[in-house]
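Protein sequence lines correspond, in order, to chains A and B.
As numbered in the working numbering, residues 1 to 341 make up the first sequence, in order.
As numbered in the working numbering, residues 1 to 360 make up the second sequence, in order.
Read the hints as simulated data drawn from the structure, not as lab findings.
Any given hint could be a false lead.
Claimed, not checked - Just a sample of chain B residues kept apart from chain A, beta carbon distances all over 10 Å, derived:
1) F20
2) I261
3) W296
To be verified - Result set (EDC-like, lysine to aspartate or glutamate): computed pairs, CA atoms no more than 20 Å apart in a straight line:
4) K276(A) to D176(B)
5) K265(A) to D327(A)
6) K178(B) to D255(A)
7) K74(A) to E170(B)
8) K284(A) to D50(B)
9) K276(A) to E170(B)
10) K265(A) to D50(B)
11) K284(A) to E113(B)
12) K200(A) to D318(B)
13) K316(B) to D216(A)
14) K71(A) to E170(B)
15) K276(A) to D335(A)
16) K276(A) to E113(B)
17) K233(A) to D37(B)
18) K326(B) to D216(A)
19) K52(A) to E309(A)
20) K284(A) to D176(B)
21) K92(A) to D117(A)
22) K159(A) to E316(A)
23) K71(A) to D322(A)
24) K316(B) to D198(A)
25) K52(A) to D109(A)
26) K71(A) to E316(A)
27) K271(B) to D216(A)
To be verified - Simulated DEER-style distance windows between Cβ atoms:
28) F144(B) to E309(A): 58 to 66 Å
29) W277(A) to W45(B): 28 to 36 Å
30) R111(B) to E175(A): 31 to 39 Å
31) A349(B) to E204(A): 53 to 61 Å
32) I14(B) to W277(A): 34 to 42 Å
All C-beta atoms, glycine included, are put in the ideal place defined by N, C-alpha and C.
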Amino acid sequence: MKKRVLAMIMASAMVLGLAGCGGSAGSTESAAPAQTETKTEEAAPAGGDLIKVGIINNDPNESGYRTANDKDLKAMFNEANGFDAKFAYSMKNDEQISAAQGFITDGVDYLLLSAADTAGWDSVLQDAQKNGVKVILFDRTIDADPSLYEASIVSDMAKEGQTAVDWLAGQNLSEYNVIHIQGHMGSAAQQGRSGALDAKVAAEANWNIVAQQTADWNAENAQQIVQSVIDAKTPFNVIYAENDDMAKGAVAALDAAGISHGVGKDVVVMGFDCNKWALEELLKQNWNYDGQCNPFQASYISDIIKTLEGGGSISEKTIIMDEKGFDASTITQEDVDNYGI
Amino acid sequence: MKNKAKSNGLFKRIVGNQMFIPVLAILILVIVNLVKDPSFFVVTWGLNNDGFPVLSGSLISILDNGSELAILAIGMTLVTAASGGQDISVGATIAVAGSAMLRVLCGGNARPETTQAPVIVAFLVACLVGMLCGAFNGALVSVFKIQPMVATLILFTAGRSIAAWINNNELPIVPDPKFAWFAGCIPGIPIPTSVFIAIACIIVIMLVLKFTNLGLYTQAVGINESSSRLNGINPTFIKFLSFVILGLCVAVAALIKVSRISTINYSVIAKDIEMDAILAVALGGNALSGGKFNMWASILGAYIIQFLTTTLYRFKVDSEARPAYKAVVVILLVVSSAPVVRNYFSQLAKQFSSPKKEVA
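Build out the structure end to end from the sequences listed, making use of the hints.
Okay, here's the thing in structure tokens:
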């Protein structure tokens, strides 16, 4: 009897399994092209006075930042704005390089590049220079001679951290007991955002770090870290999380423990990246601050192209974008719509 | 003389028991925490932000956060015992199952106003997806005889992309606050629901092991595949079944994980959890080459890992140094609970007892 029941369970499991082979294999195949294949979209046949632009970006599905970045570029570089744009996406350096070579052969005027890797770009950029293609880097810098590109438009993570720390200092709390939840150790965002806070804590007597741990950008890890501080009954009044996900995890721990947070409450909650849902938390005054990591480089790039087309030259090679920090007491629905990613 | 031999035998039996090292590890962690800060063990009664009573304290945190790992350890033990290998895709399949659950709940919409389907339907779909992933791995291992680690490498690499594809790369947020109850507290019940889910899973597997031949057959296949075949057990079925059961465990773990934050992040959800699940099996003193297993020891192993993590957070070990501390403790535990070392110690115990006998 037992055996028969077991056999039946196994038989039904086997049937499921057969269906499983089909299902899983199918989804692998259909998912794969979207992720790795380099897609090239023809925007429009080259018009007489359109500026030909080749844009090489990372996969828009990489993160909310990248999706917003791609949308912004598409909104700027189209026929209506006088551009004949072609897009290529890949998160692999070699695929990006071959896409760049394709664009150079096509005779584009400008090559816009967010490189997957910092190394390996010298020869293809020299090719571009020989063929009179001007290169503009956005979002990420590369290890190549600056003479090979016209400009590079990047975020200054250290400044993002500084803006946030300055905002916090402006809150005039009598004492700052900070839970510092760090991103993946060694990443540019982590180093920049940690650096400003570390310097402030070292300089001021009434700023203390209650706990400083990496949660690897992960909400659940952040939740555990805050939970452990609460369990230890260590008093704190600020949560400085280096991205929105981790701030969300931290807030979940506060909610479970009955600690109030937000504007005028016991704990100040700070996050980064300006995800739309995070800005909505600010609007509801559940969080206090969210720092922007600006994915909107298109207007900067277009300004540079206009200057170059007008015969002007670029004085500063590295252009650092304006990045805002939002305060829950002043944020508006308009901000959420415009800056939420 | 007789008494001495008896006490020696008892000592040997305790040291030789598979549960000895895991229990010792828990005791050491308890003592270290007691010495360092006895308030570690204080459990307090308080109200959460919704105004409902909750119990809080490090012990509750350990039980709460350790639940997913304990559930995964159940499946991983069976897979290890039957196939003599490990499934390294559990983290990625948690992403897949969790994503499928959100797809059903939110209907492919990133910010729905209301849930599109009851949670139970979403959970059953996630179970199905988890079991399908397990069946895929299981078929590769049992039918095509591929090394488990290589076979599961496929989903390990592709799983998170599949998860993103299921939801069109959106990150849906579940609008219903009740969904958070699966990891948090149901109003009125002061203990997190995840603890009850883990207990339920443990009870189910213990009943299955007690009242079916699953445990016996799994061990038989793991110890000697061909002789178990000669005795009328189908090793292909047993191996396949172990992976499907692990798939079910993955779906349950995915429910808790997704419920914790009511949303999902494909690239970081349950990251590296496969390593902790394998570690739980090893900490329990189970041979990673398959064969005999002790389910209680694996589950205890999972809670040891969580105990260790919580302790390290509590001691505020530096971010950079934390993995190193963990590694040292883990190496000590794994080496001391390895069957080879255990055998060596019981030999040593024998040598100690025999000269005494001669003197007497």
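* Hints that the structure is at odds with (numbers, increasing) -> Failing hints, ascending: 2, 26, 32.
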